[in-house]
Each structure stands twice: as C-alpha cells, then as structure tokens.
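Chains as they are written, first to last, in numbering that gives the first Met the number 0: chain A, 0 to 343; chain B, 0 to 343.
The reader is advised that the hints may include incorrect statements.
Heads up, the list lumps identical chains together, so a pair's fine if it works in one copy or across two of them.
As the list claims (entries may be wrong) - Cut-off 30 Å, straight-line C-alpha distance, at most; resulting in silico cross-link-like pairs (DSS-like, lysine-lysine):
#1 Lys-236 / Lys-298
#2 Lys-285 / Lys-273
#3 Lys-200 / Lys-132
No lab work stands behind these hints: they were computed from the structure.
Number of protein chains: 2
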Amino acid sequence: MRLAVVGFGGVGRAFVELLVLKRSLLYDEGLDIKVNYVINSRAGVYAPDGIDCASLIKFIQKDNDLSHYKNGGSKNINFDSIMNKKDIDVLVEMTPTNKKTGEPGMTYVKRALENGIHVITSNKGPIMLAYKKLNMLAARHSVQLGIGCTSGGALPTVNGGLIDMAGSAILSIEGVLNGTTNYILEQMEQEGITYHEALKKAMEIGIAEADPTLDVEGWDTASKLLILTNILMNEEKTIEDVSVEGITGITPEQIEQAKQEGKKYKLVGRTQNKAGALYMTVRPEKLDEWHPLYRIDGKNKAVRYVSDTLGDLTISGGASGVTPAAASILRDLINIHRGYRYSR
Amino acid sequence: MRLAVVGFGGVGRAFVELLVLKRSLLYDEGLDIKVNYVINSRAGVYAPDGIDCASLIKFIQKDNDLSHYKNGGSKNINFDSIMNKKDIDVLVEMTPTNKKTGEPGMTYVKRALENGIHVITSNKGPIMLAYKKLNMLAARHSVQLGIGCTSGGALPTVNGGLIDMAGSAILSIEGVLNGTTNYILEQMEQEGITYHEALKKAMEIGIAEADPTLDVEGWDTASKLLILTNILMNEEKTIEDVSVEGITGITPEQIEQAKQEGKKYKLVGRTQNKAGALYMTVRPEKLDEWHPLYRIDGKNKAVRYVSDTLGDLTISGGASGVTPAAASILRDLINIHRGYRYSR
Numbered sequence: 000m001r002l003a004v005v006g007f008g009g010v011g012r013a014f015v016e017l018l019v020l021k022r023s024l025l026y027d028e029g030l031d032i033k034v035n036y037v038i039n040s041r042a043g044v045y046a047p048d049g050i051d052c053a054s055l056i057k058f059i060q061k062d063n064d065l066s067h068y069k070n071g072g073s074k075n076i077n078f079d080s081i082m083n084k085k086d087i088d089v090l091v092e093m094t095p096t097n098k099k100t101g102e103p104g105m106t107y108v109k110r111a112l113e114n115g116i117h118v119i120t121s122n123k124g125p126i127m128l129a130y131k132k133l134n135m136l137a138a139r140h141s142v143q144l145g146i147g148c149t150s151g152g153a154l155p156t157v158n159g160g161l162i163d164m165a166g167s168a169i170l171s172i173e174g175v176l177n178g179t180t181n182y183i184l185e186q187m188e189q190e191g192i193t194y195h196e197a198l199k200k201a202m203e204i205g206i207a208e209a210d211p212t213l214d215v216e217g218w219d220t221a222s223k224l225l226i227l228t229n230i231l232m233n234e235e236k237t238i239e240d241v242s243v244e245g246i247t248g249i250t251p252e253q254i255e256q257a258k259q260e261g262k263k264y265k266l267v268g269r270t271q272n273k274a275g276a277l278y279m280t281v282r283p284e285k286l287d288e289w290h291p292l293y294r295i296d297g298k299n300k301a302v303r304y305v306s307d308t309l310g311d312l313t314i315s316g317g318a319s320g321v322t323p324a325a326a327s328i329l330r331d332l333i334n335i336h337r338g339y340r341y342s343r
Numbered sequence: 000m001r002l003a004v005v006g007f008g009g010v011g012r013a014f015v016e017l018l019v020l021k022r023s024l025l026y027d028e029g030l031d032i033k034v035n036y037v038i039n040s041r042a043g044v045y046a047p048d049g050i051d052c053a054s055l056i057k058f059i060q061k062d063n064d065l066s067h068y069k070n071g072g073s074k075n076i077n078f079d080s081i082m083n084k085k086d087i088d089v090l091v092e093m094t095p096t097n098k099k100t101g102e103p104g105m106t107y108v109k110r111a112l113e114n115g116i117h118v119i120t121s122n123k124g125p126i127m128l129a130y131k132k133l134n135m136l137a138a139r140h141s142v143q144l145g146i147g148c149t150s151g152g153a154l155p156t157v158n159g160g161l162i163d164m165a166g167s168a169i170l171s172i173e174g175v176l177n178g179t180t181n182y183i184l185e186q187m188e189q190e191g192i193t194y195h196e197a198l199k200k201a202m203e204i205g206i207a208e209a210d211p212t213l214d215v216e217g218w219d220t221a222s223k224l225l226i227l228t229n230i231l232m233n234e235e236k237t238i239e240d241v242s243v244e245g246i247t248g249i250t251p252e253q254i255e256q257a258k259q260e261g262k263k264y265k266l267v268g269r270t271q272n273k274a275g276a277l278y279m280t281v282r283p284e285k286l287d288e289w290h291p292l293y294r295i296d297g298k299n300k301a302v303r304y305v306s307d308t309l310g311d312l313t314i315s316g317g318a319s320g321v322t323p324a325a326a327s328i329l330r331d332l333i334n335i336h337r338g339y340r341y342s343r
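Please take these sequences and the hints and turn them into a complete structure.
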C-alpha cells in the first residue's frame with residue numbers, strides 16, 4: 000500500500016515512527032507499506048519508491064523544515080502534487096481540525112475519495128460536518144473512509160459500535176469521552192480543590208491544552224458524541240442538535256455533596272431515544288457507584304452502548320497521547336487491508 | 000448468501016428466528032440470506048430456494064421432528080446432503096460441543112472449509128482443539144471461519160482483540176468469562192450463603208446447568224481463555240497448558256474475609272508473560288475495588304487486554320441467553336459479508 004501522510008504534527012510523526020517500529024508485524028500481515036508523501040502546511044517530501052521513514056524521523060527531530068530534507072524534500076510538494084500523480088492508495092489525513100468549515104481536511108478527504116483513494120483521518124471537522132456524504136462518496140468510489148481516531152483515538156468507540164455490535168440496533172449511547180475534564184473532576188474530588196485549581200494542575204502536567212475551552216465547556220465530548228450518533232444510529236445530526244453544558248460551573252460544594260451520597264460527577268455525553276425523538280446531551284451527571292461509567296478515572300475514557308439483541312457493551316481504557324492516537328490510525332489501515340468495508 | 004444451519008437447539012432456533020426479525024436490517028446491509036438447510040441429529044429440512052424461516056419456527060414449537068415438516072423435511076437430509084450438493088455459501092455449525100474429539104463439529108467444519116464454504120461456529124470443541132489448523136484451511140480456500148460465539152457469545156472478546164486491537168501486540172489477557180460462577184460468588188457474598196446453597200439457587204433460576212461441573216470447576220473459563228490466547232497471541236496451546244482451579248472450594252469465611260478487606264472473589268482466567276514464558280491460569284482471585292473486573296456482577300462477563308501501543312482495553316457486558324448467542328453468530332455473518340477477513 001502506498002501512503003501519503005498529510006499533516007505532520009505529533010500524531011503524524013508518531014504514525015510514521017510506528018510504521019518503522021511495527022515493520023515485522025506489518026510484514027506478517029502481508030502489508031507492504033510505502034510512504035510516498037509526507038506533507039505539512041509549508042513543505043513536503045516525495046519519494047516515488049517510498050520515503051525512508053526512519054531517516055525522516057531522525058531528520059525532523061533536528062530540523063522542522065521538510066524542504067531541507069535531502070531525499071525529496073521541497074517547498075513545492077503539497078496536496079496538489081498527490082492529486083497530479085495519484086500514485087497512492089491511502090491518504091492519511093491529519094491536518095488541524097476546523098469544526099466550522101472542516102477545511103483544509105474536507106477538500107483533501109473529498110478529492111482523495113473521488114479519485115478512488117482510501118482515506119484514514121484523525122480530523123474531527125470533516126467527519127462532524129459531513130460524515131454521511133463522505134461515506135457515500137467513499138462507497139461510490141469503492142474505497143474506505145477510516146475514522147476511528149476521530150472519536151476517542153485508541154478507545155475503539157467506532158469499531159465497538161460498528162463491528163462489535165453488527166446486526167444489532169444501538170438504542171442509546173453514553174460515554175465519558177474526554178480525558179481532560181475527567182481528570183479535573185477527579186482532582187476536585189480527591190484533593191478537595193476548586194475547578195480553577197484543578198484546571199491549573201491539569202495544564203501544568205500537560206493534560207489540559209493551553210486553551211482548554213473546547214474540553215471544559217463540553218464541545219470535545221459533543222463532537223465525539225455527534226460522530227458516534229451519526230455513524231452508529233444512522234443519523235445526520237449537527238453540533239447544534241447537542242445540548243451542551245461543560246464543567247466550568249461545578250463547585251467544590253457540589254463535588255463534596257456527591258461524595259457524601261457515594262456518587263461522582265462525570266462529564267457524560269448521552270444520546271437516547273425518548274418517545275420516538277432522539278436527544279443528545281453533554282452535561283455533568285452525578286453517577287452512583289453501580290453505574291458502568293462511575294469508575295472511569297483519571298485520563299481514561301469509556302463508552303457504553305445499549306443494543307436490542309447483543310445486550311449492553313461497555314468499552315473502557317485506551318491510552319492517551321500521540322502514539323495511541325497514531326496506533327488507532329494504523330488499526331484502521333490494517334482493518335482496511337483485511338478487507339473490512341467501513342463504507343457501504 | 001445461502002446458509003445451512005446444522006444443529007437446531009436453542010441457539011440454532013434463536014438464530015433462524017433472528018433472521019426473520021432482522022429482515023429489514025439485513026436488507027439494508029445488502030445481505031440476501033436464504034437458509035437452504037436446517038439439520039439436527041435426527042432429520043433435516045432442505046429447500047433449494049430457501050426455507051420459509053417463520054413457518055419453520057412455528058412448526059418446531061409444536062413438533063420437534065423436522066422430518067414431519069411438509070416443505071422439505073426428511074429423515075434423509077443430513078450433513079452429507081449438503082456436501083453432495085454444495086449449494087451453500089456459509090455453514091452455521093451449532094452441534095453439541097465435545098472437548099475431547101471436537102466431533103461431529105470438527106469433521107463438518109473441516110469439510111465445509113475444504114469445499115470453499117465459509118463457517119461460523121458456536122462450537123468450542125473444534126476451535127479449542129484445532130483453531131490454527133482450521134484457520135489455515137480457511138485461508139487456503141479463501142473462506143472465513145467466524146468463531147465469535149465460542150468465547151463469550153454476545154461479549155465481543157474475539158473481535159475486541161482481533162479487530163479493535165489490530166496492529167497492537169496483546170501482552171496479557173484477563174477475564175471474568177463465566178456468568179454462572181460469577182453469579183454464585185456474588186450470591187455467596189451478598190446473601191452470606193455457602194457455595195452449595197448458592198449453586199442450588201443458580202440451578203433453580205436456570206443460570207446453572209443440570210450438570211454444572213464444567214462451569215464451577217473452571218473448565219468453561221479455561222476453554223474460552225485458551226481460544227482467546229491461541230487466536231490473539233498466535234499460540235498453539237492446549238487445555239493441558241492451563242492451570243485450572245474452580246470455585247467449589249471457596250468458603251463463606253473466605254468470602255467474608257475478602258469483604259472485610261474491601262475485595263471480591265472472581266473466577267479469573269489469566270494469560271500472562273513472565274520472563275519470556277506464557278502462563279495460563281484459571282482460579283478464584285481476590286480483586287480490590289480498583290481492579291477493572293471488580294464490578295463485573297451477576298451473570299455479566301468481561302475481558303481485559305493489555306497492549307503495547309493501544310493501552311488497556313476492558314470490554315464488559317454482553318447479554319446471556321440463546322438470543323444474544325444467536326446475535327453473535329449473526330454478527331460474524333454480517334462482518335464476513337462486509338468483507339472482513341478473519342482468516343489470513
């Protein structure tokens with residue numbers, strides 16, 4: 000399989016590194032991977048017979064400008080270069096997320112699919128905005144659209160619902176889908192500190208981002224819930240359909256009160272059917288100790304599906320960080336190689 | 000897809016019923032299923048254009064002898080009839096388990112695969128004894144061997160390890176894989192009763208079988224652990240390689256002592272690597288409240304995989320009973336239809 004890696008930040012680099020580390024596993028899979036393109040927003044590397052990934056990883060640790068890379072680096076290698084040559088089988092699309100327009104990922108994903116190229120993406124934007132259309136586009140061109148990374152990374156939320164529940168109707172979805180907020184709530188409970196103190200701590204140890212708004216106000220959870228709802232319940236909802244409340248208003252008194260009751264606050268994303276209508280909510284919920292999501296602690300995540308014929312399924316775990324996220328891209332790649340049709 | 004259903008007990012009937020109930024979902028999948036054969040140990044039904052499943056289900060509720068069924072029932076329809084005509088795409092093999100010889104399932108599975116027919120089986124026997132060989136046979140004939148039902152039924156232990164962890168090395172497996180023993184231990188703890196009292200209760204409400212030996216002495220757990228280990232860690236272990244201890248020796252005093260310590264006894268199946276050697280054990284373990292398997296209660300089951308690049312994954316839930324087991328057969332069928340190659 001010939002790949003183009005577009006977007007070369009933390010996850011992109013971890014992915015290319017993983018291809019080196021997992022060489023023997025990939026060989027056993029019968030999967031001969033050549034990375035023909037690595038492209039970021041400023042430059043790119045092109046090698047028609049495959050880039051030496053180990054050498055590129057070494058290079059990028061010293062020099063951030065891909066155009067300086069001797070074996071094929073150039074300022075003139077960009078997404079259009081791929082479309083001109085069309086000498087790849089899979090586009091690994093990892094450009095930054097834009098939840099309003101989906102760009103530039105939206106255009107890249109569309110153009111690749113239209114040209115009969117499989118796409119695996121880590122980019123929530125295009126998937127939140129246009130999953131169904133993109134999936135139909137993929138089906139029309141007999142290629143696959145792998146999106147496992149967009150909703151939980153290493154935690155197999157998409158495969159869990161799509162493959163592990165195949166043949167069963169998913170009646171409801173609930174999940175603790177954001178590690179940052181889960182960590183903050185845990186810190187508030189364990190240390191008896193305020194929201195702002197817990198947030199500061201999360202930022203200091205690198206769990207919360209410099210701008211944690213999307214996490215703490217619930218939008219990251221809402222995005223993931225939206226993606227899962229549209230895919231697993233065959234809906235075409237938008238982010239406006241989700242009622243969203245974050246954790247910024249939670250007080251130490253509320254946390255303490257919950258503790259007294261033997262309960263815990265979790266930021267829960269929930270899709271459920273009530274009297275024939277679908278409701279999607281993200282809000283802090285007090286869960287009692289028997290709830291399957293009660294013990295999802297620290298940076299962990301979990302999702303629970305209730306189905307008609309396969310019972311309940313709770314999936315928890317999945318490490319955080321760039322390597323697990325990259326491993327979720329590799330997972331989609333292997334499953335596509337194994338013939339699984341995500342797009343039908 | 001043309002099917003033969005061989006073995007027509009509780010799960011077999013639930014499966015045929017599910018095909019009727021799920022007609023519209025299967026239609027949406029583009030999956031046109033015709034059941035050409037339904038066979039049990041005494042007779043069979045054959046209809047070259049597909050059996051009327053709804054009518055057969057009605058019939059069997061009144062008359063247990065398939066040879067009396069008017070549209071194709073006969074004492075002369077048996078597995079050889081299928082092999083003579085070879086007019087099916089998938090064998091759904093649900094004959095009773097024999098863990099010593101695997102028969103008659105072993106022969107049926109082999110012959111079907113050799114003749115280029117996909118096999119989905121609920122039968123632990125052949126899978127415990129010869130998974131690797133059967134899987135290679137399937138690969139050689141470019142067909143699939145679906146075995147999701149053999150290790151946890153509705154709980155997607157096989158898919159969870161094979162598909163959701165694709166590209167990652169599974170380093171250890173641990174699971175609460177038997178609902179009966181889990182229920183008995185829970186009853187002992189909650190009601191303060193002896194093992195024998197709890198077993199009696201489990202038998203009365205139909206959770207434990209008339210002969211509960213395989214469950215309570217740990218062999219059911221060992222069988223499932225063996226199957227998962229061989230598939231997910233690419234081993235060729237046998238049941239003799241598993242060190243097995245059941246729950247029959249657990250005393251109320253031990254249960255009470257664990258409770259005092261804030262712990263619970265669970266019958267845990269465990270495969271782990273120690274200094275380069277693989278150890279498989281089944282035994283009652285005292286788990287503390289932070290252990291991911293601590294809260295797997297009642298008849299529930301769960302499995303936990305630790306991997307190198309995708310972190311930990313705990314999968315819990317999955318209803319018990321004939322319909323969920325049948326739904327796990329249907330799940331494999333759909334995933335094979337979606338192109339997934341279980342056999343490589």
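Verification of the supplied hints:
1. Lys-236 / Lys-298: within (28 Å within a copy, 36 Å between copies)
2. Lys-285 / Lys-273: Within. Shortest intra-copy distance 20 Å satisfies the 30 Å Cα cut-off; inter-copy 41 Å does not.
3. Lys-200 / Lys-132: neither (41 Å within a copy, 54 Å between copies)
Of the numbered hints given earlier, the model fails hint 3 alone.
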